[in-house]
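Asks: Each chain, written out:
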Amino acid sequence: MIIRLRDSAKLLGIVIMCACAVLVCTLFLNSNIDMVRIKNQITDPEMMIIYDLTVSSSNMTCAVTGGALGLTTVVMLLFYVKHYIDTHKSELGILKALGYSNWKIAKGFWVFGLSVFTGTAIGFGLAFAFMPMFYREQRNDGTLPDVPIHFNPVLLVYLIILPALVFSLLAVLYSYRKLKRPALELIRGNNNTKIRKSKVTGKDKTDVPFLQELKQSTLRSRFSLVFFIWFASFCYAAAVVMSFSISEIGGSDMMAVMMAGIGVVLAVTTLFLAVTTVIKGNTKTIAMLRVFGYSDRECSSAILSSYRPITYVGFILGTAYQHGLMKLMMFLFFNNSVLGLPDYHFNMQAFIIAFVSFVVIYEAFMKIYSARMKRISLKEVMMEE
Amino acid sequence: MIEIANITKTYGTSENAATALKGVSLTIDNGDFMVLLGASGSGKSTLLHIASGLERPNSGTVKYDDADITALSDDKMTTFRKEKVGFIFQQYYLLPNLNVDKNVKMGADLASNRDYRNIIRAVGLYDKMNKLPSELSGGEQQRVSIARALAKKPQVMFLDEPTGALDEETGRQVLNYICEMQKEVGFSMVMVTHNSNIAEMADSVVKMNSGKIIESYTNEKRKTAYEIGW
Numbered sequence: 001m002i003i004r005l006r007d008s009a010k011l012l013g014i015v016i017m018c019a020c021a022v023l024v025c026t027l028f029l030n031s032n033i034d035m036v037r038i039k040n041q042i043t044d045p046e047m048m049i050i051y052d053l054t055v056s057s058s059n060m061t062c063a064v065t066g067g068a069l070g071l072t073t074v075v076m077l078l079f080y081v082k083h084y085i086d087t088h089k090s091e092l093g094i095l096k097a098l099g100y101s102n103w104k105i106a107k108g109f110w111v112f113g114l115s116v117f118t119g120t121a122i123g124f125g126l127a128f129a130f131m132p133m134f135y136r137e138q139r140n141d142g143t144l145p146d147v148p149i150h151f152n153p154v155l156l157v158y159l160i161i162l163p164a165l166v167f168s169l170l171a172v173l174y175s176y177r178k179l180k181r182p183a184l185e186l187i188r189g190n191n192n193t194k195i196r197k198s199k200v201t202g203k204d205k206t207d208v209p210f211l212q213e214l215k216q217s218t219l220r221s222r223f224s225l226v227f228f229i230w231f232a233s234f235c236y237a238a239a240v241v242m243s244f245s246i247s248e249i250g251g252s253d254m255m256a257v258m259m260a261g262i263g264v265v266l267a268v269t270t271l272f273l274a275v276t277t278v279i280k281g282n283t284k285t286i287a288m289l290r291v292f293g294y295s296d297r298e299c300s301s302a303i304l305s306s307y308r309p310i311t312y313v314g315f316i317l318g319t320a321y322q323h324g325l326m327k328l329m330m331f332l333f334f335n336n337s338v339l340g341l342p343d344y345h346f347n348m349q350a351f352i353i354a355f356v357s358f359v360v361i362y363e364a365f366m367k368i369y370s371a372r373m374k375r376i377s378l379k380e381v382m383m384e385e
Numbered sequence: 001m002i003e004i005a006n007i008t009k010t011y012g013t014s015e016n017a018a019t020a021l022k023g024v025s026l027t028i029d030n031g032d033f034m035v036l037l038g039a040s041g042s043g044k045s046t047l048l049h050i051a052s053g054l055e056r057p058n059s060g061t062v063k064y065d066d067a068d069i070t071a072l073s074d075d076k077m078t079t080f081r082k083e084k085v086g087f088i089f090q091q092y093y094l095l096p097n098l099n100v101d102k103n104v105k106m107g108a109d110l111a112s113n114r115d116y117r118n119i120i121r122a123v124g125l126y127d128k129m130n131k132l133p134s135e136l137s138g139g140e141q142q143r144v145s146i147a148r149a150l151a152k153k154p155q156v157m158f159l160d161e162p163t164g165a166l167d168e169e170t171g172r173q174v175l176n177y178i179c180e181m182q183k184e185v186g187f188s189m190v191m192v193t194h195n196s197n198i199a200e201m202a203d204s205v206v207k208m209n210s211g212k213i214i215e216s217y218t219n220e221k222r223k224t225a226y227e228i229g230w
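Quick mapping for you: the protein sequence lines, in order, are chains A and B.
In terms of this note's numbering, the first sequence has 300 at position 300, counting the first letter as 1, and numbering is strictly consecutive.
In terms of this note's numbering, the second sequence has 187 at position 187, counting the first letter as 1, and numbering is strictly consecutive.
Treat the hints as calculated values from the structure; they're not laboratory data.
Heads up, the beta-carbon is just placed ideally off N, CA and C, and yes, glycines get one too.
Where hints are given, some of them may not hold.
Interface residues of chain A toward chain B, partial, derived using beta-carbon atoms under 7 Å [to be verified]:
id, residue
1, Thr285
2, Met288
3, Gly293
4, Ser295
The following block holds chain A by itself, in its conformation from the complex:
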């Protein structure tokens, strides 16, 4: 096997992303399937409205959570495949030179789908562990009859087996596309990524300090990392502020805690993945900056601080997104119901708590990685060559 199983184990971001998505979807979809069994017991029209509301809000939650996390997993998988090819260019080039076809090498990338299998399986298992509590919370007002928990094998197929197969196929096809390069180019380690150049146009450009130029170039060099860092703050804001909103409109505490937990886990995982890649991708640059006498503060500012504005924009957009989504859901579910529209306003206190906690987490990350940057030496870089 060209790509080892061990390589799949490194895809922690995908495992966590899938676990979160499947946890939420399994809870709501299993509950929806089980609720069908009690539908004929409901005779009261008002109770039927609540039944329909519960089912449709569950479907919407699954669509939003599963859709968003699914798309992000796709981006993350493609990122990992590209990253793997970029960091193993020489080995892959040698294989091609020896006569391995692109297709034969690409087939090995199916193991990346195992991370999806692992994540979805963990999420599925966790969902069944939380299921009794979830069912109890959903029906704690006593409006709907109790629903017994059943194991629905169809979810096993749709939430574990199919995603693992689809993502394995995606990894193979994407790697096949990325491997379509001459063997020599891979062996020499030439990077085929297009670097956007800013032209020198006379005296004016001399005035932009070098570190400012480096910041901009770091940001431009890998758009996927910009997306991940933006996504981390977006997720955190949307999930944490929404968890407060859920409590505010009388939703279950379990849901609120779960939502906040997922937001924090996703944000921390994504930040970890993105910032680690930023540092690894700039090791030589950092080493040279240090050799030439740029201070630790200047190095960390040039490499890491360019992501800060994007992070905070992501946070603001995440907050706006959750507010809009909550308003929309309220309107869709309760506008024509006899229950009336629940009282829901933007919760400034929740926003401040979420923002302050996010700033603490983000800045702690930056501190940790700035300290890690201090340990990078030219000797280390030379040894790797």
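Got chain A sorted already, so can you dock chain B onto it with the hints?
Replies: Just chain B, lined up with the frame of chain A:
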């Protein structure tokens, strides 16, 4: 003047320990061009790294005008490198995402040198200012790295096998250019090489083997890059 006294350097611990330098002492005068000559593993690169403040020795001192840099804190060592030394490496280590202009600017900004484009012009790359390192030949990349180091206006230039990755013709051009700049600007220069012919270009030569200095001498007359064998 740089005074290096009783430098020892050991990598690893206990049974895996490897001693790279065993009590090395030497002096480099201001404006001097010194070549450290030796085979691979002789300790010459380690000595260059310690003399330039990139690494710390286990014992011994490195004094720049009587100030011992081995005792400096990390921050002060960074400031020392910023103000005093320049580097040119065999592998160039240019920043891959930045064009020639910005790579040279990396050195120029440290010395607030706003005329750095004259150096780019002097190394013959003015018309390639917008090119990325990957779009340049090996010789051109090394010239960018020379321009970057010169733009920093160093007092001492450290060169680690600067022609190691170049063909003969390009290697001679690069060496010739470096020596001309040294004469013009007047900085001290310490070059590590395994090519004994290059030693004929230097003022003084230090031969190393197994972490020790085995011979040192002064050349009566410096040869140019086009007068030496290759």
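Asks: Look at each hint and say if it fits the structure.
Replies: Going through the hints against the structure:
1. Taken as an interface hint, Thr285/A checks out: its beta carbon lies about 5 Å from the nearest beta carbon of chain B, inside 7 Å.
2. Annotation: Met288/A was flagged as interfacial toward chain B, and the flag holds, the nearest CB pair being 5 Å apart, inside 7 Å.
3. Hint on Gly293/A holds. Least Cβ distance to chain B is approximately 3 Å, under the 7 Å limit.
4. Hint status for Ser295/A relative to chain B: holds, with the closest Cβ pair at about 6 Å, below 7 Å.
Violated hints for the displayed structure: none, as all numbered hints are satisfied.
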